[in-house]
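Novice: Chain by chain, the residues:
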Amino acid sequence: MKFIYTLLTVIIFSGCAGIQTQEKNNAVNPIERKHYGSWEKQIGYTQVVKVGNRLLISGTTGEGDTMEEQVKSVYQTIEKILKDYHTDSSRIVKELVFTKDIEAFKSTMALRKTFFPQKLYPSSSWVQVDRMFIDSLMVEIEFEVELP
Amino acid sequence: MKFIYTLLTVIIFSGCAGIQTQEKNNAVNPIERKHYGSWEKQIGYTQVVKVGNRLLISGTTGEGDTMEEQVKSVYQTIEKILKDYHTDSSRIVKELVFTKDIEAFKSTMALRKTFFPQKLYPSSSWVQVDRMFIDSLMVEIEFEVELP
Amino acid sequence: MKFIYTLLTVIIFSGCAGIQTQEKNNAVNPIERKHYGSWEKQIGYTQVVKVGNRLLISGTTGEGDTMEEQVKSVYQTIEKILKDYHTDSSRIVKELVFTKDIEAFKSTMALRKTFFPQKLYPSSSWVQVDRMFIDSLMVEIEFEVELP
Numbered sequence: 068m069k070f071i072y073t074l075l076t077v078i079i080f081s082g083c084a085g086i087q088t089q090e091k092n093n094a095v096n097p098i099e100r101k102h103y104g105s106w107e108k109q110i111g112y113t114q115v116v117k118v119g120n121r122l123l124i125s126g127t128t129g130e131g132d133t134m135e136e137q138v139k140s141v142y143q144t145i146e147k148i149l150k151d152y153h154t155d156s157s158r159i160v161k162e163l164v165f166t167k168d169i170e171a172f173k174s175t176m177a178l179r180k181t182f183f184p185q186k187l188y189p190s191s192s193w194v195q196v197d198r199m200f201i202d203s204l205m206v207e208i209e210f211e212v213e214l215p
Numbered sequence: 068m069k070f071i072y073t074l075l076t077v078i079i080f081s082g083c084a085g086i087q088t089q090e091k092n093n094a095v096n097p098i099e100r101k102h103y104g105s106w107e108k109q110i111g112y113t114q115v116v117k118v119g120n121r122l123l124i125s126g127t128t129g130e131g132d133t134m135e136e137q138v139k140s141v142y143q144t145i146e147k148i149l150k151d152y153h154t155d156s157s158r159i160v161k162e163l164v165f166t167k168d169i170e171a172f173k174s175t176m177a178l179r180k181t182f183f184p185q186k187l188y189p190s191s192s193w194v195q196v197d198r199m200f201i202d203s204l205m206v207e208i209e210f211e212v213e214l215p
Numbered sequence: 068m069k070f071i072y073t074l075l076t077v078i079i080f081s082g083c084a085g086i087q088t089q090e091k092n093n094a095v096n097p098i099e100r101k102h103y104g105s106w107e108k109q110i111g112y113t114q115v116v117k118v119g120n121r122l123l124i125s126g127t128t129g130e131g132d133t134m135e136e137q138v139k140s141v142y143q144t145i146e147k148i149l150k151d152y153h154t155d156s157s158r159i160v161k162e163l164v165f166t167k168d169i170e171a172f173k174s175t176m177a178l179r180k181t182f183f184p185q186k187l188y189p190s191s192s193w194v195q196v197d198r199m200f201i202d203s204l205m206v207e208i209e210f211e212v213e214l215p
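Residue numbers (the working numbering), protein chains in the order written: chain A, 68 to 215; chain B, 68 to 215; chain C, 68 to 215.
Treat the hints as calculated values from the structure; they're not laboratory data. Watch out, some of these pointers could steer you wrong.
Copies of the same chain look alike in the list, so a pair counts if it fits in one copy or across any two.
[Stated by the list, open to error] Listed below are the simulated EDC-like cross-link pairs for lysine to aspartate or glutamate, each with C-alpha atoms no more than 20 Å apart in a straight line:
id: 1; residue 1: K101; residue 2: D168
id: 2; residue 1: K173; residue 2: D197
id: 3; residue 1: K139; residue 2: D168
id: 4; residue 1: K117; residue 2: D155
The structure presented is a predicted model; accordingly, all values stated were derived computationally and were not measured.
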């Protein structure tokens with residue numbers, strides 16, 4: 068939006084067009100925040116931050132007792148978020164996977180790929196770490212989405 | 068800036084305006100680097116890299132013997148950086164928290180939230196890892212800021 | 068590109084110019100993916116995702132039996148990628164280093180700096196984690212590049 072405003076300003080200054088725009092300070096390069104639970108503000112984070120066409124999605128964890136269940140749950144949450152922004156997994160540009168057991172995560176490869184039906188995959192890093200926010204969590208994935 | 072240059076070029080080519088611009092190669096999409104200590108170049112990193120409206124802030128660590136002290140120190144450093152760029156914590160869009168003890172980090176939640184007085188929080192991922200650059204460091208946080 | 072299209076559209080609507088553009092849906096804000104091996108699609112990731120001027124490079128690992136060899140191999144791969152996009156290490160804006168042994172990684176500091184001959188370094192975070200995709204890997208580095 069910022070560039071459109073600037074564009075219009077320049078055009079107006081160039082005497083090319085009569086369109087009037089008002090550049091409100093708080094409308095320039097706005098940051099939009101979308102919360103999916105009341106706990107977010109209590110903890111102090113935002114599930115989805117939108118800036119320009121970019122969605123910065125907080126490290127997302129899933130429900131379940133097995134790695135398979137948690138991975139499925141994470142991607143179902145992401146599918147819901149993508150739907151809220153009228154887009155799909157082909158617009159995920161980056162993933163950062165933290166897991167407590169990378170061999171178990173690797174065994175869910177086929178499942179994970181079903182969430183990319185167009186076979187268009189993000190750039191991705193996978194690392195094994197000590198633990199996540201809650202001890203029972205086996206995987207946490209951070210996403211970046213580029214809206215069309 | 069790049070878009071402005073392109074814009075002007077297009078307008079000029081369109082015969083709409085008489086404004087002249089010079090497109091210097093090194094001025095297009097410049098990367099600005101800000102160092103906060105001489106050790107940065109010795110180690111080989113830059114504390115703050117600015118590209119467009121984005122500030123990419125290196126994993127920041129803090130001084131102190133307790134998690135509380137280190138967390139406070141990290142955010143005081145970030146406050147100083149934000150001030151240097153004439154902005155505040157509401158423009159932090161992303162955080163990536165690495166800590167050696169996530170339970171200890173969670174116990175500083177109230178303290179951390181005081182650095183977000185507008186209650187506008189970034190997207191955030193928190194993971195527990197083995198260690199940071201120096202063994203005594205308990206927490207390291209990477210930030211991304213979107214300037215207004 | 069998106070801004071150029073929008074720009075032209077606005078100019079056309081403003082009656083300033085006669086240039087015609089076609090706004091193809093798939094041409095607006097395109098995501099370009101570059102694969103460097105057939106295993107990427109099998110695993111489900113993309114080595115380099117290009118969006119706008121940004122290159123998002125997947126966590127890159129290297130060959131070799133020592134930390135020194137693996138670090139050298141990682142940066143040689145990155146040099147090749149940078150060359151493919153007609154740029155160099157001065158356009159790396161962000162690095163995220165995961166290593167199994169941060170002291171060993173620190174000992175390769177001088178070697179790593181040779182890949183930044185212009186002494187223009189990215190923002191960077193270095194953390195020690197449990198392990199990477201394959202157990203023998205000692206280091207994995209994620210990169211973001213801003214093309215000129």
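Novice: Take the hints in turn and mark each one as holding or not.
Specialist: Against the structure, the hints come out as follows:
Taking CA atoms no more than 20 Å apart as the test, K101 paired with D168 passes in neither setting, with 30 Å inside one copy and 28 Å between copies. In the homo-oligomer, the alpha carbons of K173 and D197 lie at most 20 Å apart both inside one protomer (17 Å) and across protomers (15 Å), since each shortest distance falls under that limit. For the identical chains of this complex, K139 and D168 are intra-copy neighbours only, at 16 Å inside a copy versus 27 Å across copies, given an alpha-carbon limit of 20 Å. For a Cα distance limit of 20 Å, the shortest separation of K117 from D155 qualifies both inside one copy, at 16 Å, and across copies, at 17 Å.
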